[in-house]
Amino acid sequence: MKNIVPILLFMLLAIEAGAQHPVTSVQSCPDNIKIKYVLQGENSTFVFATYTKQSEDQSEICLSRKTVACNEDENFKFLEAYSMPISDEADQAFILLDQIGQKLNFVLEFEKIPLGESFDIRSLDYEDRSFVVTGIKADTSVVKKVDGKRFIESTPYVKRGKYFKDGKTCIYYTKEGVWVTIDATLGSEYLTLNVSIVNDSDHGILLDLKKMTAISKKIKSDKEIEEPMHILSKSEYNDIWARSDANDEYYMKSNSALGKAGSLVNHESWQHDVWSWERTGLEVLGAIMEEENERSIQPYKDRLDAARKAGLKDYLQSQSIAAGDSYSGYIKLKRIKKQKLAIVNIVVDGMNCMTDWNISK
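Positions in the sequence shown are counted from 1; adding 632 to them yields my numbering.
Don't take each hint at face value.
To be verified - In silico DSBU-like links for lysine-lysine, alpha-carbon gap of 35 Å or less:
| no. | residue 1 | residue 2 |
| --- | --- | --- |
| 1 | K685 | K866 |
| 2 | K776 | K744 |
| 3 | K685 | K791 |
| 4 | K794 | K807 |
| 5 | K698 | K777 |
| 6 | K769 | K941 |
| 7 | K852 | K807 |
| 8 | K852 | K781 |
| 9 | K797 | K941 |
| 10 | K866 | K777 |
| 11 | K781 | K855 |
| 12 | K842 | K744 |
| 13 | K735 | K852 |
| 14 | K852 | K941 |
| 15 | K866 | K972 |
| 16 | K685 | K777 |
| 17 | K781 | K791 |
| 18 | K769 | K685 |
| 19 | K685 | K855 |
| 20 | K744 | K800 |
| 21 | K744 | K843 |
| 22 | K685 | K709 |
| 23 | K769 | K807 |
| 24 | K791 | K843 |
| 25 | K852 | K842 |
| 26 | K797 | K781 |
| 27 | K685 | K781 |
To be verified - DEER-style ranges, computed between Cβ atoms:
| no. | residue 1 | residue 2 | range |
| --- | --- | --- | --- |
| 28 | K797 | G956 | 21 to 27 Å |
| 29 | S853 | D663 | 40 to 46 Å |
| 30 | D798 | D871 | 28 to 34 Å |
Note that these hints are calculated values from the structure, not bench results. Even glycine gets a Cβ: it sits at the ideal position worked out from N, Cα and C.
Could you put together the complete structure from these sequences and hints?
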């Protein structure tokens, strides 16, 4: 979403600018990149280009922040990219291309470059050789009207990114105004996925959990074994939670059991995911045990029921999401013994939001 404002600013510049020139020659350029136009703005220069996927290994593309334009005398700072992610340590993002022949139109903005001579585009990161173009020459005698918005929107794309928040890895996917963010919490029995969907597109979208898949990978006898993980429905998780509540109630039925149940609270609450509703229930139990003159378990049962109902409101289900709306929740996946990796795919608006999570314990 952070790219919306720069794109709008770029469109305003493109409309106001009156000198858009076709690129007539390039000395050297990767086969999958074509430099097409140069637009000279008031304070910066825009370079229009097209990337074409030519092989299966060209599935993720991005641009280094250390990219510059340069001529024989000086470098020109890289200011912004449109429809091409700038990947860095804080936000590692890529464009995903699925099919050979698929194209991506993008625009790069630099400090104003003199167009009377040729210039290069290259990265100052000398380990990055994916985008090196030399000898770009624009014909300034020819003015061509380029609709920048149409140029970019004519090649829709999916972007995948990763960032870190409060020590957790968050994966996001975005396509034409639809944003899906996923993070995970690992518990002793379940992998909990937290999913947030924002629909800033011009149409309604569908989260169809029937299309969701989850695969476990583990090593057995030096061989990689795959098997499906069970994805709990809301009703299944409600039953499991209710059984857990009933078990807690059993320990509350006699004063002699209170000491035993109390000794379990501090230990067992730490076996559940942080902020999980199971842990909340155990902490409620602990709080009630500390109340003086507590003789009935009914208040405890009522509070467990309320906690379960509140928690299940956020359990993920198939959902239609209108334009301008959002939807978020969590879903539980049953862990598999000796599992090392979980690969999960959630489909939203035809977008495959695939994530993989290492199981380290």
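Now the hints, each set against the structure:
1. Between K685 and K866, the direct Cα distance comes to roughly 41 Å. Violation of the 35 Å bound is thereby established for this hinted pair.
2. Restraint check for K776 and K744: the C-alpha separation of about 19 Å stays at or below 35 Å, so the hint holds.
3. For the suggested pair K685 and K791, the alpha carbons sit about 15 Å apart, so the restraint of at most 35 Å is met.
4. Taken as a hint, the K794 and K807 pair is honoured in the structure, with Cα atoms around 15 Å apart against an allowance of 35 Å.
5. Using a Cα cut-off of 35 Å, the hinted pair K698 and K777 holds, with the two alpha carbons roughly 30 Å apart.
6. For the hint pairing K769 with K941, the CA-to-CA distance comes to about 66 Å; that exceeds 35 Å, so the pair is violated.
7. Distance restraint check for K852 and K807: the Cα-Cα separation of roughly 38 Å exceeds the 35 Å cut-off, and the hinted pair is therefore not satisfied.
8. With a C-alpha separation of about 52 Å, the suggested pair K852 and K781 falls outside the 35 Å cut-off, and the hint is violated.
9. As the CA atoms of K797 and K941 are separated by approximately 28 Å, the hinted pair is consistent with the 35 Å bound.
10. The hinted pair formed by K866 and K777 fails the criterion: a straight-line CA distance of about 55 Å is larger than 35 Å.
11. Distance check on the hinted pair: K781 and K855 sit about 50 Å apart at the alpha-carbon level, beyond 35 Å; violated.
12. Using a Cα cut-off of 35 Å, the hinted pair K842 and K744 is violated, with the two alpha carbons roughly 51 Å apart.
13. As the CA atoms of K735 and K852 are separated by approximately 41 Å, the hinted pair breaks the 35 Å bound.
14. With a CA separation close to 41 Å, the supplied pair K852 and K941 exceeds the 35 Å bound.
15. Distance hint between K866 and K972 is fulfilled; the C-alpha atoms sit about 26 Å from each other, no more than 35 Å.
16. Under the criterion of a C-alpha separation no larger than 35 Å, the hint pairing K685 with K777 is consistent with the structure, at around 27 Å.
17. Distance hint between K781 and K791 is fulfilled; the C-alpha atoms sit about 18 Å from each other, no more than 35 Å.
18. Taken as a hint, the K769 and K685 pair is honoured in the structure, with Cα atoms around 24 Å apart against an allowance of 35 Å.
19. Under the criterion of a C-alpha separation no larger than 35 Å, the hint pairing K685 with K855 is consistent with the structure, at around 33 Å.
20. Distance check on the hinted pair: K744 and K800 sit about 40 Å apart at the alpha-carbon level, beyond 35 Å; violated.
21. The hinted pair formed by K744 and K843 fails the criterion: a straight-line CA distance of about 48 Å is larger than 35 Å.
22. For the hint pairing K685 with K709, the CA-to-CA distance comes to about 27 Å; that is within 35 Å, so the pair holds.
23. Only pairs whose Cα atoms come within 35 Å are accepted, and K769 paired with K807 is accepted, the gap being roughly 33 Å.
24. The hinted pair formed by K791 and K843 meets the criterion: a straight-line CA distance of about 20 Å does not exceed 35 Å.
25. With a C-alpha separation of about 30 Å, the suggested pairing of K852 with K842 holds against the 35 Å cut-off.
26. With a C-alpha separation of about 33 Å, the suggested pair K797 and K781 falls inside the 35 Å cut-off, and the hint holds.
27. A hinted pair counts as satisfied when its Cα atoms are at most 35 Å apart, and K685 with K781 qualifies at roughly 22 Å.
28. For the pair K797 and G956, the beta carbons lie near 25 Å from each other, so the given range of 21 to 27 Å is met.
29. At roughly 44 Å, the beta carbons of S853 and D663 sit within the given window of 40 to 46 Å.
30. Separation of D798 from D871 is about 31 Å and conforms to the stated range, judged on CB atoms against 28 to 34 Å.
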